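Undergrad: Once you have looked at the hints, place chain C on chain G.
Those protein sequence lines, which keep their order, are chains G and C. Quick note on my numbering: the first sequence kicks off at 1 and runs consecutively. Quick note on my numbering: the second sequence kicks off at 1001 and runs consecutively.
Just so you know, the hints here were simulated from the structure itself, not pulled from any lab data. Among the clues, some could well be false.
[To be verified] Partial pick of chain G residues on the chain C-facing surface, computed with a CB cut under 7 Å:
id: 1; residue: Leu82
id: 2; residue: Gly83
id: 3; residue: Lys84
id: 4; residue: Cys251
id: 5; residue: Asp258
Since we're looking at a predicted model, the values are computed, not measured. Cβ coordinates follow ideal geometry from the N, Cα and C atoms, glycine included.
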Amino acid sequence: MTCTCNDNNESIFLPHVADIIDAQMITSTEKHFKLKLQSGERFDYEPGQIVEAGLFGYGEVPLGLASSPTNGESFDLVVRVLGKVTKALGDLNAGDTMTIRGPLGNGFPVDEFKGEDVLIVAGGIGLCPVRSMIEYILHHRADFGKFTLFFGAKTPHDLLFEEDLEAWRCDSCMHYMDTVDTPDAAWKGNVGVITTLFEKTTEITPATKVIICGPPIMYKFVIRELDMIGVPRSNIFVDLERRMKCGVGKCGHCQINDKYVCMDGPVFRYSEIETLEEAI
Amino acid sequence: MKSYFLSDQNLSAFVEGLMSKYPVIAPVAKRSRFVFDKLVDVSELRLDYDTTILPPKKVFFPAKQDLIHFNKDGFTSAIDPQEQVLLGAHPHDIKGIAMSDIFYSDREYDNNYMANRKATIIIGSSVQNHYKHAFFGTMNADRGLTGHDAFMTKIEGGYAVDAVTEKGESLVALGAFEDATEAQVAAATEVNRKAEEDCPEKLNGTAAEIREKVRNSFDSPVWDEFAEKCFSCGSCNIVCCTCYCFDVQDEWNVDGASGSRFRLWDACLTTEFSEVTSPGGSENFREDRGERYRHRFMRKAAYLNEQLGGPACTGCGRCSGACTADIANPATVINKILEQ
Chain G
1 MTCTCNDNNE SIFLPHVADI IDAQMITSTE KHFKLKLQSG ERFDYEPGQI
51 VEAGLFGYGE VPLGLASSPT NGESFDLVVR VLGKVTKALG DLNAGDTMTI
101 RGPLGNGFPV DEFKGEDVLI VAGGIGLCPV RSMIEYILHH RADFGKFTLF
151 FGAKTPHDLL FEEDLEAWRC DSCMHYMDTV DTPDAAWKGN VGVITTLFEK
201 TTEITPATKV IICGPPIMYK FVIRELDMIG VPRSNIFVDL ERRMKCGVGK
251 CGHCQINDKY VCMDGPVFRY SEIETLEEAI
Chain C
1001 MKSYFLSDQN LSAFVEGLMS KYPVIAPVAK RSRFVFDKLV DVSELRLDYD
1051 TTILPPKKVF FPAKQDLIHF NKDGFTSAID PQEQVLLGAH PHDIKGIAMS
1101 DIFYSDREYD NNYMANRKAT IIIGSSVQNH YKHAFFGTMN ADRGLTGHDA
1151 FMTKIEGGYA VDAVTEKGES LVALGAFEDA TEAQVAAATE VNRKAEEDCP
1201 EKLNGTAAEI REKVRNSFDS PVWDEFAEKC FSCGSCNIVC CTCYCFDVQD
1251 EWNVDGASGS RFRLWDACLT TEFSEVTSPG GSENFREDRG ERYRHRFMRK
1301 AAYLNEQLGG PACTGCGRCS GACTADIANP ATVINKILEQ
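Here chain G stands alone, though its shape is the one from the complex (with noise of 0.2 Å):
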């Protein structure tokens, strides 16, 4: 054999295990969770990095990291409680512990942006993981130009870090626009599925830089709005959510055509895969 390269049996599975600081239920189904390292090293990743989030005797889940690594010691997962581990993980609390495998995959490129228009287009759970890049936005405001934040969700109670929403709508630094599918009698914002939070703006300009993070069927109907504006697919980039066991690129469930969403993504370029079936 060819490789000779780790002859000490290090296994690519081991996590690292992860103090949970604090968790809230944020939604009615997602639990927001401050984590650190317990070996008291600090967690370095890119924003759009993922980890593998696990507890033994139940498994592991792919979840975006959902704070900048800019933001102090601590880091941020969002569990969307749903199966048996999101189930188990959503059950844990304050002074508990996870295990976390990664960073894992490719993040944003942070240097690319900076000095850029940058628009963010998140559908529901999809804040979560560019949050990661609102948050590094945010802590570095000078290095990037306009910034302008599109978050769709479905009803007034699905939308996520409240607190968050609130500071983002009174800040001058950025542009934040919402909107539900389903409004309720409180709700005095936008209605409308979240292409129709282009036509109220104009600060989306064929220069800008663009991420894309939501559901499967919203990527095709957002990049129709950037074609029309001019954006180039080079300047898009979409962040993807597939099945991920592994998160090292072996065992193939996260597979689109020859890339592995796990190594080569989570975050693509969208000039890059866009003849990528089964990508979009």
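TA: Leaving out everything else, chain C in the frame of chain G:
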């Protein structure tokens, strides 16, 4: 590389010598077919087998493999390689192992496979009887044999044995080997050439032609035509010597306090393979069986063909034999695409 001759009469003593030093995994009969299993008695060895139900990948990558053991105090890696001998792997199965070595060492190095692989001495053997679906003579036929330590070819009166590596050479001390004559070496070459020529199934096209044609057939109706009969059972994946996808699961021991995280062979033809849970149900990134069926062929013939320089297929024919609906034969499918 040095060539030796081992007579038929001396084979048993050599294999017993191996068995005294290592666990020896070799082809043995199981009802009407054959399997790779640990030899308990040398008389079980069947080097005249046509094919085995499962490929030898299970020796390094068992169908269920522990990755991590955990208890209330912590967790440890389950990597624990044991020295062993894999005896009697056919040339195309050796090629399949060499491909798996690339999959598991490229980019992220997976010691859960590689440590077992490095601890295994591989002694190949020539094909004495053909499996009725085999087409290894025309699939990756020009791909060199690598990764094995020795190779035995059945010739008149015994075996011509090539010692390929130092480990292979060291095994010679365990048997009554003689230096091979030029005639015996030539006879072995002819036997292996003839084994390729005599394959019952034939594939057309070069590796590059297959890659290009299959890649360009993404929107062809051919996938749905074949997949119409697909039961999505994943048998073709499970018996494949180059399929390496897996699921990862956790399991508690009966004490309720300790357990293991393990991987299980998984199959991209099954409905659940690309499914994620979503509110109120699930989202499936390859929902139609035609898409899943196409993915298997795309992956073997196009995507991994890029990585390997040839299709991720050895022409063993196990998938053809395992498919209840008789739609898995790569020679049939790829030949049809090449004709389009």
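Undergrad: Taking the hints in turn, state whether each one holds.
TA: Results for each hint:
1. The interface hint given for Leu82/G holds, since its Cβ lies 5 Å from the closest Cβ of chain C, which is under the 7 Å cut-off.
2. Because the closest C-beta pair between Gly83/G and chain C is about 4 Å apart, less than 7 Å, the hint holds.
3. A cut of 7 Å between beta carbons decides the hint on Lys84/G: the least distance to chain C is about 9 Å, and the hint is violated.
4. For Cys251/G, the interface hint holds, since its Cβ comes within 7 Å of a Cβ in chain C; the closest pair sits about 5 Å apart.
5. Annotation: Asp258/G was flagged as interfacial toward chain C, and the flag holds, the nearest CB pair being 4 Å apart, inside 7 Å.
Hint violations for this structure: number 3 only, all remaining hints satisfied.
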